[in-house]
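Colleague: Please arrange chain B on chain A, whose structure you already have, making use of the hints.
2 protein chains.
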Amino acid sequence: MDKLDTICAIATPPGSGAIAVIRLSGNHAINIANSVFQSANKSKKLIKQKANTIHFGTIADGNQIIDEVLLSIFKAPHSYTGEDSIEISCHGSSHIQSRILELLIKKGARLAQPGEFTLRSFQNGKIDLSQAEAVADLIASSSESSRKVAMNQMRGGFRDEIQDLRAQLLNFISLIELELDFSEEDVEFADREQLKSLVQKIKLHLSALINSFRLGNVIKNGVPVAIIGEPNVGKSTLLNVLLNEDKAIVSDIPGTTRDAIEDTISIEGILFRFIDTAGLRETSNIVEGLGIERSKQKMNSAEVILQILDAKGSNFQVLFRKLKAEFPEKIILPVVNKSDMLGRVNMIRVIDGVPVIYISAKHKHNIKELENSLLKAINHTAVSDSGTIITNVRHYEALGKAHQAIERVADGLENQIPSDFLAMDIREVLHYLGEISGEVTNDEILGNIFKNFCIGK
Amino acid sequence: MDKLDTICAIATPPGSGAIAVIRLSGNHAINIANSVFQSANKSKKLIKQKANTIHFGTIADGNQIIDEVLLSIFKAPHSYTGEDSIEISCHGSSHIQSRILELLIKKGARLAQPGEFTLRSFQNGKIDLSQAEAVADLIASSSESSRKVAMNQMRGGFRDEIQDLRAQLLNFISLIELELDFSEEDVEFADREQLKSLVQKIKLHLSALINSFRLGNVIKNGVPVAIIGEPNVGKSTLLNVLLNEDKAIVSDIPGTTRDAIEDTISIEGILFRFIDTAGLRETSNIVEGLGIERSKQKMNSAEVILQILDAKGSNFQVLFRKLKAEFPEKIILPVVNKSDMLGRVNMIRVIDGVPVIYISAKHKHNIKELENSLLKAINHTAVSDSGTIITNVRHYEALGKAHQAIERVADGLENQIPSDFLAMDIREVLHYLGEISGEVTNDEILGNIFKNFCIGK
Numbered sequence: 001m002d003k004l005d006t007i008c009a010i011a012t013p014p015g016s017g018a019i020a021v022i023r024l025s026g027n028h029a030i031n032i033a034n035s036v037f038q039s040a041n042k043s044k045k046l047i048k049q050k051a052n053t054i055h056f057g058t059i060a061d062g063n064q065i066i067d068e069v070l071l072s073i074f075k076a077p078h079s080y081t082g083e084d085s086i087e088i089s090c091h092g093s094s095h096i097q098s099r100i101l102e103l104l105i106k107k108g109a110r111l112a113q114p115g116e117f118t119l120r121s122f123q124n125g126k127i128d129l130s131q132a133e134a135v136a137d138l139i140a141s142s143s144e145s146s147r148k149v150a151m152n153q154m155r156g157g158f159r160d161e162i163q164d165l166r167a168q169l170l171n172f173i174s175l176i177e178l179e180l181d182f183s184e185e186d187v188e189f190a191d192r193e194q195l196k197s198l199v200q201k202i203k204l205h206l207s208a209l210i211n212s213f214r215l216g217n218v219i220k221n222g223v224p225v226a227i228i229g230e231p232n233v234g235k236s237t238l239l240n241v242l243l244n245e246d247k248a249i250v251s252d253i254p255g256t257t258r259d260a261i262e263d264t265i266s267i268e269g270i271l272f273r274f275i276d277t278a279g280l281r282e283t284s285n286i287v288e289g290l291g292i293e294r295s296k297q298k299m300n301s302a303e304v305i306l307q308i309l310d311a312k313g314s315n316f317q318v319l320f321r322k323l324k325a326e327f328p329e330k331i332i333l334p335v336v337n338k339s340d341m342l343g344r345v346n347m348i349r350v351i352d353g354v355p356v357i358y359i360s361a362k363h364k365h366n367i368k369e370l371e372n373s374l375l376k377a378i379n380h381t382a383v384s385d386s387g388t389i390i391t392n393v394r395h396y397e398a399l400g401k402a403h404q405a406i407e408r409v410a411d412g413l414e415n416q417i418p419s420d421f422l423a424m425d426i427r428e429v430l431h432y433l434g435e436i437s438g439e440v441t442n443d444e445i446l447g448n449i450f451k452n453f454c455i456g457k
Numbered sequence: 001m002d003k004l005d006t007i008c009a010i011a012t013p014p015g016s017g018a019i020a021v022i023r024l025s026g027n028h029a030i031n032i033a034n035s036v037f038q039s040a041n042k043s044k045k046l047i048k049q050k051a052n053t054i055h056f057g058t059i060a061d062g063n064q065i066i067d068e069v070l071l072s073i074f075k076a077p078h079s080y081t082g083e084d085s086i087e088i089s090c091h092g093s094s095h096i097q098s099r100i101l102e103l104l105i106k107k108g109a110r111l112a113q114p115g116e117f118t119l120r121s122f123q124n125g126k127i128d129l130s131q132a133e134a135v136a137d138l139i140a141s142s143s144e145s146s147r148k149v150a151m152n153q154m155r156g157g158f159r160d161e162i163q164d165l166r167a168q169l170l171n172f173i174s175l176i177e178l179e180l181d182f183s184e185e186d187v188e189f190a191d192r193e194q195l196k197s198l199v200q201k202i203k204l205h206l207s208a209l210i211n212s213f214r215l216g217n218v219i220k221n222g223v224p225v226a227i228i229g230e231p232n233v234g235k236s237t238l239l240n241v242l243l244n245e246d247k248a249i250v251s252d253i254p255g256t257t258r259d260a261i262e263d264t265i266s267i268e269g270i271l272f273r274f275i276d277t278a279g280l281r282e283t284s285n286i287v288e289g290l291g292i293e294r295s296k297q298k299m300n301s302a303e304v305i306l307q308i309l310d311a312k313g314s315n316f317q318v319l320f321r322k323l324k325a326e327f328p329e330k331i332i333l334p335v336v337n338k339s340d341m342l343g344r345v346n347m348i349r350v351i352d353g354v355p356v357i358y359i360s361a362k363h364k365h366n367i368k369e370l371e372n373s374l375l376k377a378i379n380h381t382a383v384s385d386s387g388t389i390i391t392n393v394r395h396y397e398a399l400g401k402a403h404q405a406i407e408r409v410a411d412g413l414e415n416q417i418p419s420d421f422l423a424m425d426i427r428e429v430l431h432y433l434g435e436i437s438g439e440v441t442n443d444e445i446l447g448n449i450f451k452n453f454c455i456g457k
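Top to bottom, those sequences are chains A and B.
When we follow the numbering used here, the leftmost residue of the first sequence carries the number 1, and every step to the right adds one.
When we follow the numbering used here, the leftmost residue of the second sequence carries the number 1, and every step to the right adds one.
Restraint-style ranges between C-beta atoms, simulated for each label pair:
| id | chain 1 | residue 1 | chain 2 | residue 2 | range |
| --- | --- | --- | --- | --- | --- |
| 1 | B | I417 | A | K45 | 56 to 62 Å |
| 2 | A | K50 | B | E369 | 50 to 56 Å |
| 3 | B | M347 | A | N452 | 56 to 62 Å |
Here are the simulated lysine-lysine pairs, DSS-like style, with alpha carbons at most 30 Å apart:
| id | chain 1 | residue 1 | chain 2 | residue 2 |
| --- | --- | --- | --- | --- |
| 4 | A | K48 | B | K44 |
| 5 | A | K126 | B | K45 |
| 6 | A | K126 | B | K48 |
| 7 | B | K107 | B | K44 |
| 8 | B | K126 | A | K45 |
Just so you have them, the derived chain B footprint on chain A, three or more residues with Cβ under 8 Å:
| id | stretch |
| --- | --- |
| 9 | 136–144 |
| 10 | 443–457 |
Bear in mind the hints are in silico, worked out from the structure with no lab data behind them.
Glycine included, every Cβ here is placed at the ideal spot set by N, Cα and C.
Just chain A, same shape as in the assembly (with noise of 0.2 Å):
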């Protein structure tokens, strides 16, 4: 891509509102502002204007009004890319923001790319490849574990970890590679204890990363959840429940938009997304509607599966163990609807060393005990404003593969191996570890990460 031309884009939400932003960024840029834009007080010159400052005035296409607008300059390195760029901030009507837009690309600047802002400011050195990737995270969060994640991210949490991984291994490889320069000699500037201590270390801080995934993932994706049970016990109900509770919650505000994500419901800022329920809602008959094949993979696809059974059966036990039995890597909890057709005496508390959840759906008692049923069965404790945890896939495979780098410099430490050997595995940990970082990358890579950004980020 040639880094000198300019590109524009509009960067809000597409469709009408009060405002829309449109953003110009490249050598150009105010170059190009300028050619449109008249300032309220004639006199001002554009490009005579300090950093960070606010502009009222027109956009103009020869002598006709566009609109009236409020202009932003940002210079270079002190801008979002790290170059000259430009905000206007126009009336949001859709036809505005066309011809603006239109407006500018004649005037020379072309239309970015999907996250080609973003791009430049990791080709800029403003970020690293994981921050550029926390923009685009952050920007899709949805709730508030996936943005507090991403956040940390985006801020350089993981950015410094990975840097202070790699700060130490160079460190380590530079004793290493002392050593064979001086290879006729036969000295150790490294004492291999130490070495071993070392490594053990980051064995022990990538093992860390790539375990926190599973939870990574489901603080991105949600945690995809499965009500099933027979017939007429409640299901459609229970779900119903859930979702309108939450919503509540969230329409508190009138005027806040929420994602047009359907049945998911956040529960202490975990997302949790229900699976295949448009069924559920139109028809409580589920069992009998699907296929028993159809209805496997329904629940192999889960994570948790809530098995709703009916207060007047009595078979709690051989349900849930058959069920267990089928799925055994799944969370199953057993949840018993119409609890207030129940007396007490014959609730059975624990199925397997399993709580049994008492609830109604009817009368929305006990709800907020499932929830945090379904919150404990992901060890949400885990997720907190601090500690690196990893959502995104290409990190994940990447720490993997360096983990099974360090690890055969941990055996070669072991057996002993030559020198140059050792420095040949640990570069290999590096090289992984700046593929996270983006100091190791290619055009593949990089086309891979931009392109399901939005365009105008």
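Modeller: The following block gives chain B in isolation, referenced to the frame of chain A:
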């Protein structure tokens, strides 16, 4: 409304995007922003920053960072509302937008009512009421002509005209009232002939504004067009050709969005809306499918009727005259389709003074000529950058009442009625003109105007 409270709202379109903008306006705007914003340069105090400057930092709820943002400061009276104002440009996740809004409300702001920022701009004397109304029109503008008219009105074109008329009348009435003071002495300070010519001039001006409303309405709401004709004459093919030609132009620039107005086309900036076209595209057999009554209703709501005739038929005049007899008020354009199947010999060029348009919808032949005929039909030449066009029913009605009152003034001058009666009629003209500008207003008028604004403007 309490002028002292500080209001906040999301100003950008709902949904996710690269960035979103949250507005805050009122006496405490800067203090509230200061309580949640931490500049990247920690020693920077928001309160000490200059107006029209931008600051990079974080929004935090206690210790928890919600987002990295750009924050813009505007100081009274140099802001949109005329009050101290803040704009926070955050990452465009709906979740983040809600979190920041919640936080601002927690810190003492309240969610703005629809149009409340613009209402404050009016109340603080930054704009008059006609300009406030133009802001909403500008945001809603989906064609070039509606944008132009709204822009001219927002920039004060109409305001200045009304002020000019008022100034002339005020000069007039001051002379009349001087006469009243000296009524004992029977003097005339105001030359009656000069007055007559001034009143005549004002009457003509008001008439011109009133007459512009028909065109203004067309510009604002689009021209309703009905396409009628016998089954299989090619109505749906023609509609698709017209719609697709327009869309092809609009979608030239990827990433530009277009309001989801179905079945409208823009010809040289004028919007044409096709009435009840859903049926047209599903079946070309619309005349058969509709009852006569519904067909009539549909055509009654049209401004222009495209009567599609089959080139193979020969009864063009009969069909046209029949339709014209039924809808004498409507503009009917006879359009002969499938003209490629026609010899040149039996081409009827004109029916009763109305030119016949020959097209082939299938081969996209002469579509441009048809579009030009649509433009001519509504006399589009009257739309230009200059020249005020009334688009607002409220203005139309106030101008009508002002016109009636000025006619009474003219009659009074003619009949030499006493000065005090003359003064009363002039006061009435001033009253109605004042309603337009908002010099005369009440909560009900304001409520009706601003309830249709979007929140955040």
